[in-house]
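Colleague: Each protein sequence line maps, in turn, to chains A and B.
End of the first sequence sits at 472 in this note's numbering; the numbers just go up one at a time, nothing left out.
End of the second sequence sits at 120 in this note's numbering; the numbers just go up one at a time, nothing left out.
Incorrect hints may have been included.
[As the list claims (entries may be wrong)] Listed below are the simulated EDC-like cross-link pairs for lysine to aspartate or glutamate, each with C-alpha atoms no more than 16 Å apart in a straight line:
no. : chain 1 : residue 1 : chain 2 : residue 2
1   : B       : K90       : A       : E156
2   : A       : K56       : A       : E240
3   : B       : K114      : A       : D137
4   : B       : K112      : A       : E113
5   : B       : K46       : A       : E156
6   : B       : K112      : A       : D137
7   : B       : K112      : A       : D138
8   : B       : K112      : A       : E111
9   : A       : K56       : A       : E144
10  : B       : K46       : A       : E162
[Stated by the list, open to error] Just some of the chain A residues that point at chain B, by a computed CB distance under 8 Å:
no. : residue
11  : S104
12  : L106
13  : R107
14  : R110
15  : L114
16  : H158
Simulated from the structure, these hints should not be mistaken for laboratory data.
Built from N, CA and C at the ideal position, the CB exists for glycine as well.
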Amino acid sequence: MFSRSTSCRAAQRAIRQQAARPAQRRGLAAPASGSFQYQSGEAKGVKFACRDFAGPTTTLALVSKAGTRYQPLPGLTEGLQNYAFRNTERRSTLRIVREAELLGAELTSYHTRESLVLEAKFLRDDLPYFVELLGEVASSTKFEPHVYNEEVVPLIHFAHKHFLASPTDMAINSAHSLAFHRGLGNPTASASVTPYTKYLDPATIEYYSKIAYAKPNFAIVANGAQHEDLSSWVNQFFDNVPSTVEVQPGLAGTEQTKYYGGEERIAHASGNAFVIGFTGSSSFTGKFYKPEIAVLGSLLGGQSSIKWSDGFTLLSGAKASPGTYVKTTSAIYSDAGLLYTIIAGEATNVAKTAEASVGVIKKVAAGEITKEQFQKAKAAAKFKELEFGQNIKAGLELTGAGLVSGDKPYQIDEVAKAIDGVSEESVKAAAKTLLETKASVSAVGDLFVLPYAEELGLTV
Amino acid sequence: MSAPSLARTSFVRNRPWLQKWLQPMAEWYKNAAGYRQLGLKADDLIPEENDVVQLALKRLPPKEAYDRVFRLRRAFQCSVSHQLLPKEEWTKPEEDDLYLTKIIDQVEAEMKERDDLEAMVIEKRKTNAASH
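The following block holds chain A by itself, in its conformation from the complex (with noise of 0.2 Å):
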């Protein structure tokens, strides 16, 4: 018999052991903290990374090149997106449904303002199925004009719609064009039937398939397999796709993003909005990566870490009022960057607001701010960037993005690395410059009452 007190410690340590080594074994070779390496490997010219959690869950995705910022015509990157998963060579998009309805799987598509993804997630015993089916779209999807005219613009109608509808996601795609005009500056949605009217036809959206699917364009990346396994059956089954992009037709999207930045004002009736933006930095993977970016943008920050507070934040403590919505988000993509604000709420709490905020950077900037707030904001830069390492959606499309574009995956740990590195001048030599460069400033809502970039001071 033991004690009553060893058994208790022996259970208090099994408990402290557990949570310090989540639900993930390890192999003896990789490193202690490396749960959120990435392996990367290629098979017959297919880039693909996985990490090997010891879930029961795989989350399998195919990661292309092929977000609006490539897009050679407007919407064909959403055309791609809702062409996946239909009508192939093989099935059709009933039996691929059904099938994977009886597997327990989820299959979802979507893109960002760079990436095209296809994503799966599915009991682990099933990865060849869902490999085969990830080759199977990318090869042999026939771009039908009647699931076209059923499926697919009803689709990027709706989302057209959503988008309108949204003073939000209007204000900040407006803020996005102003910085980078074209290619990063492409709408995530379209802002007007236009490009599914006029650009936008099943053969095109062929064509563009042929880029963003062929084999320098896109890699695989998986969540809870093994690297061998995934290996195989990449090697396997992705003989079809195009090795080599067919046609250079200028393409579009590729040159170096430049920072242009610049006003818009725009009325919207259901809401109001304002996006104030500055150059920022670009992702880990990418040439113009910049830590401190990220810090002054949690310092800044706007949302709460903790419940019935407004948190430590900079904006939080500004806002005009505890029903405005402040966020600051450091945007990342492979060559550039957007640090940019967004308040939405009441027009004048907003305009207030816009002010406010334009002053605590101007106070960050003159370095007035306490050594405490600099360490929260590096703490929850940190916490935020480890997090997102563990949100498998984020890290599946960066480690994508990372493979396509610079041939490295995402490293999580060498970024909160990175962030542990930053200095209190470097975040306020990073917000005097942000003072000098032009901002992209956006208003979207009650113009009367919106103020304009020059009365908050600042330079466009």
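Use these hints to put chain B onto chain A, whose structure you have.
Modeller: Just chain B, lined up with the frame of chain A:
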């Protein structure tokens, strides 16, 4: 198929001698039926008051849909005025293609697949059945 047809069954097609024997008769029948004299195609005569054909009609390319409506209206006018078209406007045998039947087959295959999947009996995989 929405209209019964002997030619579309594999019974005739699989027996060359029978097809050879029936083909001239079929040609004669098609001319005698009189739709060609009104400028129609055989597929214009398929009854359209059902879901399958309605869906197939929606899937017609715009040009073919326009031509179909034109043929139907012209035939209607001819019928009302108790006249045939001038001989050079009759549908030629090589023009009498199965433009709609192709799509109907596709729609029917889709519906059959759906029914088959609905009627499927699911069994647990052996590996899973053992472990649960």
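Colleague: Each hint needs a verdict: does it hold in this structure or not?
Modeller: Here is what the structure says about each hint:
1. B/K90 x A/E156: Since the Cα atoms of B/K90 and A/E156 sit roughly 14 Å apart, the hinted pair holds (cutoff 16 Å).
2. A/K56 x A/E240: 14 Å, holds
3. B/K114 x A/D137: Measuring from Cα to Cα gives roughly 13 Å; hence the hint holds.
4. B/K112 x A/E113: 14 Å, holds
5. B/K46 x A/E156: 14 Å, holds
6. B/K112 x A/D137: Measuring from Cα to Cα gives roughly 14 Å; hence the hint holds.
7. B/K112 x A/D138: Given that 16 Å is the threshold and the Cα spacing comes to 14 Å, the pair holds.
8. B/K112 x A/E111: Holds - the C-alpha atoms of A/E111 and B/K112 are around 14 Å apart, at most 16 Å.
9. A/K56 x A/E144: 15 Å, holds
10. B/K46 x A/E162: 10 Å, holds
11. S104: At 6 Å from the nearest chain B Cβ, A/S104 passes the 8 Å test, so the hint holds.
12. L106: At 6 Å from the nearest chain B Cβ, A/L106 passes the 8 Å test, so the hint holds.
13. R107: 7 Å, holds
14. R110: This interface hint holds because 5 Å falls under the 8 Å limit.
15. L114: A/L114 check passes; min Cβ-Cβ to chain B is 7 Å, inside 8 Å.
16. H158: 4 Å, holds
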